[in-house]
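**Q** Position chain P against the provided structure of chain G, taking the given hints into account.
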Amino acid sequence: MNKQEQKILFELQKGLPLDKHPYLRVAEKVGCSETDILRFIKNKQDEKIFSRFGLIVMHRNLGYQHNAMVVWNIPDARVDVIANKMAEIKCINLCYRRPRVLPDWPYNLFCMIHAKSRKYVHDTLTNIKTELDISHYPCAVLFSEKAFKQTGAKYVSN
Amino acid sequence: MSLVDQLPLDAIDKSIINAYQDGFPLVSQPYKSIADELSITEDEVIWRLKKLKKNKILSRIGAIITPNTIGVSTLCAVAVPAERLEEIAGTINSYNEVNHNYQRSHRFNLWFVLTAKNEDHLKKILALISQEIGMQIMNLPLQTAYYLNLGFNIE
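Residue numbers (our numbering), protein chains in the order written: chain G, 1 to 158; chain P, 1001 to 1155.
For reference, chain G alone in the conformation it holds in the complex:
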């Protein structure tokens, strides 16, 4: 990203102003035109660098208070196939592969289930295990308890 793009991203990280001409307000801060801002966002969407652009909600305050990070130890040779199927399942919000850290951490596949009750999380988990036939692989469920911090990532600083 060039200097101007970094400045635009820095301003956008603060959230779009709730003003009738929000892109113009951002442009004024950056020192460019409104069109530059709109083109920047469009380009980042086209390049898949922005996976989405819009309202970012506090899911806990929307009723999704039972959030589980479910981790699995899946053999490396099978993890891609299983993860791609897992990603298709409704209610899975994120699905990532991460390294194992042995001996402390044997798990290589992470998914998030955000739900309105613990029962829903457990039911979803039972379905996943049956549907993907992965009951025999080690799995742990880490419910989120206290949120100490939940803000947007700051990729660009001043």
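Just so you know, these hints were derived from the structure itself, not from any lab.
Misleading hints may appear alongside valid ones.
[Stated by the list, open to error] Listed below are the simulated DSSO-like cross-link pairs for lysine-lysine, each with C-alpha atoms no more than 27 Å apart in a straight line:
id : chain 1 : residue 1 : chain 2 : residue 2
1  : G       : 7         : P       : 1014
2  : G       : 149       : G       : 129
3  : P       : 1123      : G       : 116
4  : P       : 1032      : P       : 1056
[As the list claims (entries may be wrong)] Facing chain P, a subset of chain G residues (Cβ under 7 Å, in silico):
id : residue
5  : 53
6  : 57
7  : 129
This structure is a prediction, so every number in the text was calculated from the model and none was measured.
Ideal Cβ positions, reconstructed from N, Cα and C, are used throughout, including at glycine.
**A** Just chain P, lined up with the frame of chain G:
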């Protein structure tokens, strides 16, 4: 009980939340565009969004960045003695590079996400935090993203 149960969110609030977590209008007056879609006024859309923000339903209007496209990030975990959890969470939160920090039900009970402009900076911060809290940090960088969060639906 969640805030949604305590705060009256009406059908229009819910329509806005469900429809605009992605594909936010890229036009000079985006709130006018939303207003036209919902047959309300631009002022009302802005007023509703301000209300959602005040009620901590809306964090902000912005971009979710695909991991490791701009800058780098990683998921970290620490096994913290229960009596030191608040203190250590506070220390970790004081770093600007930390954007999420959660207590979770596991021996590794504190989980946070670090984001930085490059790998060097990330490693430096990781070392600094580890030194300051006097504990080993488990570093679990993303290797493959099979699915990214596309937003939340509210009924």
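**Q** So which of those numbered hints doesn't the model satisfy?
**A** 1, 2, 3, 7
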